[in-house]
Amino acid sequence: MSWRRLPRRSLAVSAVLSLGAVVPVDVVVVRVLHGRDWAWGTIAAVAAVAAALIVAGVVAYDVTRLRSTRWRLTPERLELRSGVVSRQHRSVPRDRVRSVDLRADPVRRAFGLTVVKIGTGGHGDESAELTLDPLTVTEAEALRRVLLSGAPADVFFTDAPVLAGAPPHEHEPSWGIEAPRAEGSSPGDVPSRGSGPSRGSGPSWENGPAGAARSVEVVARLRWPWIRYAPLTVWSFAGAALVLGALYKPLDALGVEVFSGETAAVVWGWLTERPWVTVPLVVAGNVVAGVTGAVLLFVESWGGYRLEREPGRPGAPPARSQDGPAPRDGRWRVRRGLLTSRSLTLDESRLRGVEIREPLLLRLGGGARVKAVATGLGKAPEGETEDVAALTPPLPRAEAARIAARIAGARLPESVPHPAAARRRRVRRALIAAAAPASAFAATAWWIRNGGAEAWNRAGGLGAWARAGEVQAWIRDGVLEAWVWGAAAAVLLLVLPLALVLAVAGYRGLGHGLGGRHLLARSGAVVRRTVALDRGGIVGWTITQSYVQRRAGLLTVSATTAAGDGRYDVVDVGGDTGLDLAARAVPGLLEPFLVRGGSRRG
Amino acid sequence: MLAVPVAGAAVAAYWLFTGHPVWLGVLVGGFAGCCLGLAVAGPRASYRVERWEVTDDAVYTRKGWLTHTWRVAPMSRVQTVDTARGPVQRLFGLADVTVTTASAAGPITIEGLDHELAAELAARLTAITQATPGDAT
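Residue numbers (the working numbering), protein chains in the order written: chain A, 228 to 829; chain B, 1136 to 1272.
If we strip away everything but chain A, and leave its shape as in the complex, we get (with noise of 0.2 Å):
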């Protein structure tokens, strides 16, 4: 059980890394030196010994790291020390291990290198998570496998690489069956994947000691047509803004002026000048900036995307699922990314049910996307823009169903509408929506043609500014008021409408089911929801009924779990039909306070 190190090709990466700090600082240099005329064979020293300042700290920093950081894999935990300045050992059961997340970016690739993260379950952001960076992608892959298969970790120990600077075999395996070497392979050599030795002496890491049987289900891959889903998001029309403001730090840097008040004057007067053919120009190109930004996301995102179910050891005890209807000791597998390759695993027996996401957009053009529901994920990482537990890209919503009823293992169960009661609250509320402005604006409208804000005005109430004889006319002959009614109008006619169409899609969006493995709640009128929810998975129900819904006797029941959010809520549900199905999904935990025959319960 001896220490290993993490590999020294990380230095490596951390040199090129780092060159991406040394270009925006050699720029600054040179224009700063350019600016007091210094010679050019000056400035490009300064630039030289600037950049190698930069690399040598970068990569000092790396070598105490390396040097610091050591991992372990015992038979029962995950042990990692670490900590350049504060120290620290943290050690995981394995039996906690709940999903590993291997990231490469395309530095890290070309130096066949991964970084690992291991999710455990629990709350905290930080404890939650075990980082391993990077693996070599052998090393990486092996440990993943091991990790949530519950399988003892021959495989992993006996021809691993040994730590750098130790004697060979220094450490044996310590328990396990060795699995039988080739002698003469050197111990640092190791097999590349899929291609271990033949003879059936060197492990390799895809056929492994469970051999062929171990049969890995493709159950999704990419089709380049779901591309078209890809500019279905807000982002298609706010893109071109958030990349020209994401633009403005380095072209800043560089020396450009976007927004000097020059350019900014060309600019509007160029805009006002015709505005007709200006404005929509400017947002037809927006939209086009936008589009072909979420289109180029999509392709860096979900190149290569696979979504693979890998069976558990034949031989191996049933996942510790005692809560659960039936073993499941699969493991599931997300990868995807053009350049920076992800690959997800979650545990199988951890999974706690499956959501289909369907946005407004999307679902208008009929996608949707699939989420886990587990326990053990993360935070998405900086700068990554999908989901920890998202599944599939946007994709045709009968094929998310389908991939959706594959991961729950089971047909998923029909929904069944909520009450009428339910539309009509949420009409009224549309109703209340739309009312109480327009309403307050008449109110004010009247109030101003009354002599109200005339007087109100002279009396100094609206301030200094409004004293001034161009106010006075405008609020003395109409305009304000005209204003004010139109704005009245205006909220009638469009929020009102608007409204309505939210609350219909509201109320259709409704629904709940129960199957025999499954409880399904879905809600949403922008983005619908979808959530099948594993029963065994429950830990518990809240009931709220609030004065409104008590009036309409309706209630919500949500149901508490481990996993994702926490609690997914059935909305606005018949009283007696909510606490049934409560009550159903997880037998004998709420009938004892159930009392029957009416929806009074004490």
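It is possible that some hints are incorrect.
[What the hints assert, rightly or not] Over the 10 Å line for every Cβ pair with chain A, so calculated as not near, a few chain B residues:
1. G1143
2. A1180
3. S1238
4. E1251
5. L1260
[Unchecked claim] Ranges of calculated distance between the beta carbons of each label pair, as one might list FRET restraints:
6. B:A1148 / A:V493: 29 to 37 Å
7. A:G310 / B:G1199: 43 to 51 Å
8. A:G593 / B:A1262: 49 to 57 Å
9. A:P724 / B:T1204: 32 to 40 Å
10. A:L721 / B:W1150: 49 to 57 Å
11. B:A1144 / A:I659: 50 to 58 Å
12. A:T291 / B:A1262: 28 to 36 Å
13. A:L720 / B:G1154: 19 to 27 Å
14. A:R676 / B:V1161: 26 to 34 Å
15. A:L725 / B:T1204: 42 to 50 Å
16. A:V506 / B:G1164: 52 to 60 Å
17. A:S773 / B:G1177: 13 to 21 Å
18. B:A1148 / A:R685: 32 to 40 Å
What the hints contain is simulated information worked out from the structure, not anything from laboratory work.
Each residue gets a CB set at the ideal place from its N, CA and C atoms; glycine is no exception.
Based on the hints, put chain B in the right spot on chain A.
Only chain B this time, still in chain A's reference frame:
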């Protein structure tokens, strides 16, 4: 609980820092009256609606006056049991019992129990929880 000090502070501020305009006086008086009314009626109202029950299988609470909230957690999913007593609660011999499950949706709290009962309940919950393994994370 905070209603009495808040009402007192409002009245004191009116008395000390303002020129005693009548409209503000009426406003502050009304506010203080509401606070005092709340202080008297609030605990009675919540005492009327709040219920709790612990069986061998589950913890159950009910609270809320305008919005009713019922919560149930099965014993097998309970992770920790805490009791807490603030200074005022100690004065009246009361305690809160907090039952935490694995869910991020928050713990279940039973407020204002007699402290001996609370200690007894915590001990009982702990014993039952130990007997039932697993927390479904």
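*Verdict for V506 (chain A), G1164 (chain B) (Cβ pair) under range 52 to 60 Å*: Cβ of V506 (chain A) to Cβ of G1164 (chain B): about 56 Å, so the range 52 to 60 Å holds.
*For the pair A1148 (chain B) and V493 (chain A), does the Cβ-Cβ distance stay inside 29 to 37 Å?*
Once the Cβ atoms are compared, 56 Å apart, the range 29 to 37 Å for V493 (chain A) and A1148 (chain B) is violated.
*asked:* Can you tell me whether the CB distance of S773 (chain A) to G1177 (chain B) sits inside 13 to 21 Å?
replied: The hinted range 13 to 21 Å holds for S773 (chain A) and G1177 (chain B), with Cβ atoms some 19 Å apart.
_Within 26 to 34 Å: is that where the Cβ-Cβ distance between R676 (chain A) and V1161 (chain B) falls?_
For V1161 (chain B) against R676 (chain A), whose Cβ atoms are near 31 Å apart, the range 26 to 34 Å holds.
*Mind checking the hinted window 43 to 51 Å against the Cβ distance between G310 (chain A) and G1199 (chain B)?*
47 Å, holds
*asked:* If we take the beta carbon of E1251 (chain B), is the closest beta carbon in chain A still more than 10 Å away?
replied: 25 Å, holds
*asked:* Quick check: does the Cβ-Cβ distance between L721 (chain A) and W1150 (chain B) fall within 49 to 57 Å?
replied: This hint holds: roughly 50 Å between Cβ atoms.
*Kindly confirm whether 42 to 50 Å is satisfied by the beta carbon distance between L725 (chain A) and T1204 (chain B).*
For T1204 (chain B) against L725 (chain A), whose Cβ atoms are near 32 Å apart, the range 42 to 50 Å is violated.
*asked:* Verify this label for me: L1260 (chain B) is non-interface relative to chain A, using a Cβ-Cβ cutoff of 10 Å.
replied: 14 Å, holds
*Between G593 (chain A) and A1262 (chain B), is the Cβ distance one that fits in 49 to 57 Å?*
55 Å, holds
_Pairwise beta carbon distance, P724 (chain A) to T1204 (chain B), judged against the given window 32 to 40 Å_ = Since P724 (chain A) and T1204 (chain B) have Cβ atoms about 35 Å apart, the given range 32 to 40 Å holds.
*Beyond 10 Å from chain A, beta-carbon-wise, is S1238 (chain B)?*
4 Å, violated
When each numbered hint is compared with the structure, violations occur for hints 3, 6, 11, 12, 13 and 15.
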